[in-house]
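K.L.:
These protein sequences, in sequence, are chains A and B.
Position one of the first sequence corresponds to residue 1 (the numbering used here), numbered consecutively onward.
Position one of the second sequence corresponds to residue 1001 (the numbering used here), numbered consecutively onward.
One thing to keep in mind: the hints can contain errors.
Said to hold, decoys possible - The calculated label-pair distances, taken between Cβ atoms and stated as ranges, are:
{"#": "1", "chain 1": "A", "residue 1": "A227", "chain 2": "B", "residue 2": "R1014", "range": "31 to 39 Å"}
{"#": "2", "chain 1": "B", "residue 1": "P1082", "chain 2": "A", "residue 2": "R196", "range": "53 to 61 Å"}
{"#": "3", "chain 1": "A", "residue 1": "A22", "chain 2": "B", "residue 2": "A1074", "range": "48 to 56 Å"}
What the hints assert, rightly or not - A partial selection of chain A residues facing chain B, derived with a Cβ cut-off under 7 Å:
{"#": "4", "residue": "A66"}
{"#": "5", "residue": "D89"}
{"#": "6", "residue": "L90"}
{"#": "7", "residue": "I92"}
{"#": "8", "residue": "Y99"}
{"#": "9", "residue": "A105"}
{"#": "10", "residue": "H109"}
{"#": "11", "residue": "G114"}
{"#": "12", "residue": "Y118"}
{"#": "13", "residue": "G119"}
To be verified - Here are some chain A residues the structure puts well away from chain B; computed CB gaps all over 12 Å:
{"#": "14", "residue": "D28"}
{"#": "15", "residue": "G43"}
{"#": "16", "residue": "E93"}
{"#": "17", "residue": "Q94"}
{"#": "18", "residue": "E130"}
{"#": "19", "residue": "E156"}
{"#": "20", "residue": "D176"}
{"#": "21", "residue": "V190"}
{"#": "22", "residue": "E226"}
{"#": "23", "residue": "A227"}
{"#": "24", "residue": "A237"}
{"#": "25", "residue": "A240"}
Just so you know, the hints here were simulated from the structure itself, not pulled from any lab data.
Virtual Cβ for every residue (Gly too), placed ideally from N, Cα, C.
Here's the letter readout for the chains.
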Amino acid sequence: MTAGDGRVVGDGGGRDDGDALAVAVAGDVGGLAIDVAFRAGGGAPIAIVGPNGAGKTSVLRMVLGALRPARGSVVLGDMTLFDRERGVDLPIEQRALGYVPQHYALFPHLTALGNVMYGLAALPAGERRERARAVMQDLGIDGLAARRPRELSGGEAQRVALARALARGPRALLLDEPLAALDVGVRRAVRQSLARDLGRLVLPTVLVTHDFADAAALASTVVVVEAGKVVQQGTPAELAATPATAFVQELTLHATATVSLPIRNHT
Amino acid sequence: MTAPRGRRPERAARDTVWTTALAVPAVVLVAALLLPLAGLVLTASPAELAGGLRHPLVGPALRLSLLTTVIAVAFIIVAGTPLAWFLARWRTRTGRALEVLVQIPVVVPPAVAGLALLLAFGRHGLFGPALGRIGVGLPFSTPAVVLAEIFVAAPFFLQGAVDAFRRVNEDLLVVAHSLGAGRTRVFFTIAVPLALPGLVGGAAMAWARALGEFGATLMFAGNLTGRTQTLPLAIYTALESDLSAARAIALILMAVAFALLLAIRAGSRR
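Please build the complete structure, drawing on both the sequences and the hints.
P.N.:
Put into structure tokens, the structure is as follows:
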């Protein structure tokens, strides 16, 4: 919707905190009672971490509008995306959210450039290609423009998916397991470049991961979800220092023991 | 690593028995499938074939078959593609029930289909009088041929299309929506292109079935040269007088069917 505001990726548009994404959603998904609340500001990404089956992806899909919560609200700045009490439920295409699903879901029948251009239908034909190219260049993938998704490596596919999500200038960004589809060998390098890219963005960004090391590298705030509920929220360092549950302790211990990446405190 | 020597010949013998036990019925089945076709092809001489094609029944039947099947398949594609999309996405009890209902014509014997069409749209059928009042008399007309073809062929397209749409990854559709695309755009730019091989395969199946339609057409539309006599009916009629004409028509249908089979296989391999 705001694709034409001239902003390419992360040129520091200086958004104030009023543009935060405030989420409080609850509902039953496949027998799992979900009840999760968090707030993502424009400053640094927030990570939802939890074991498989904890409901992380369902929460993300509720924010996106692909799943309807039974209760709660999703508010993005001055825009209410969902509010059960007020009967507001914007369709996905009106939510202005950038979405990078697990495995990236690139359109296999389009080139990388075609994928990035898909969200720019509102622009005049001439500007579409130009803007898509600019975003790809910004992410260092302009060389991939003519490739088909099946010709891309995992890391390349992730950047194309990110470019596609950012091209229309979304008001918030949602990433589902952005690193899970990658081989161990390239994972750390892709994680570092993703951290760099997300660090340049001034959008509320929510990412879902099962890996605490990913969360620590990419996010400043970690929300730990177990069995559909938030059990702890804080900086990676806080969670490692004072784990609230046995799961959080194991999660942080495991990550610090096996990954040589120091846990950074973004604030 | 190797098995004890004494047991190997015994095991080889068992393997032979096992292979033979499976191979013999398999060969018989393949023969049962291919020998009739061999008879059709091998008994024809080129001169006789050329003569058969000039038989007065052949031209009108060929034209009518092309006309009616093209109309029937075009209608099936235009109306069936959105229906298949809804059936693939609509995971409710009603959706599943409807999916089973539209498959019924596949298992209905042709004679039953013909009688059913007659009882529904015949002059004294359920809807016949109503149609008669607006000046439409379906039975024994070319539209009746098209209707019979749609009845028997549509389920084949629908099944292929529903399967193809089900294989389209849900995440792709969600992402397309998140990029601002409404339902119509997602359908035409994501779902249809990705399901296209399956849609083409289903359309080829439906066309083959429509082209071969015989029983329901004979009962509901009759066997009138130039109006309702399609190629299969022309074979049936020619058989009484001129075997070479019947064989010529049969070979045309065989060639088209084989081409369609190759198209279906090419579509499903992609």
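K.L.:
Confirm or reject each hint.
P.N.:
Here is what the structure says about each hint:
| no. | hint | verdict |
| --- | --- | --- |
| 1 | A:A227 - B:R1014: 31 to 39 Å | violated, 54 Å |
| 2 | B:P1082 - A:R196: 53 to 61 Å | violated, 45 Å |
| 3 | A:A22 - B:A1074: 48 to 56 Å | holds, 52 Å |
| 4 | A66 | holds, 5 Å |
| 5 | D89 | violated, 14 Å |
| 6 | L90 | violated, 11 Å |
| 7 | I92 | holds, 4 Å |
| 8 | Y99 | holds, 4 Å |
| 9 | A105 | holds, 4 Å |
| 10 | H109 | holds, 5 Å |
| 11 | G114 | violated, 10 Å |
| 12 | Y118 | holds, 5 Å |
| 13 | G119 | holds, 3 Å |
| 14 | D28 | holds, 17 Å |
| 15 | G43 | holds, 23 Å |
| 16 | E93 | violated, 5 Å |
| 17 | Q94 | violated, 8 Å |
| 18 | E130 | holds, 18 Å |
| 19 | E156 | holds, 17 Å |
| 20 | D176 | violated, 9 Å |
| 21 | V190 | holds, 20 Å |
| 22 | E226 | holds, 25 Å |
| 23 | A227 | holds, 24 Å |
| 24 | A237 | holds, 33 Å |
| 25 | A240 | holds, 33 Å |
Figure legend: structure checked against the earlier numbered hints; hints not met, in rising order: 1, 2, 5, 6, 11, 16, 17, 20.
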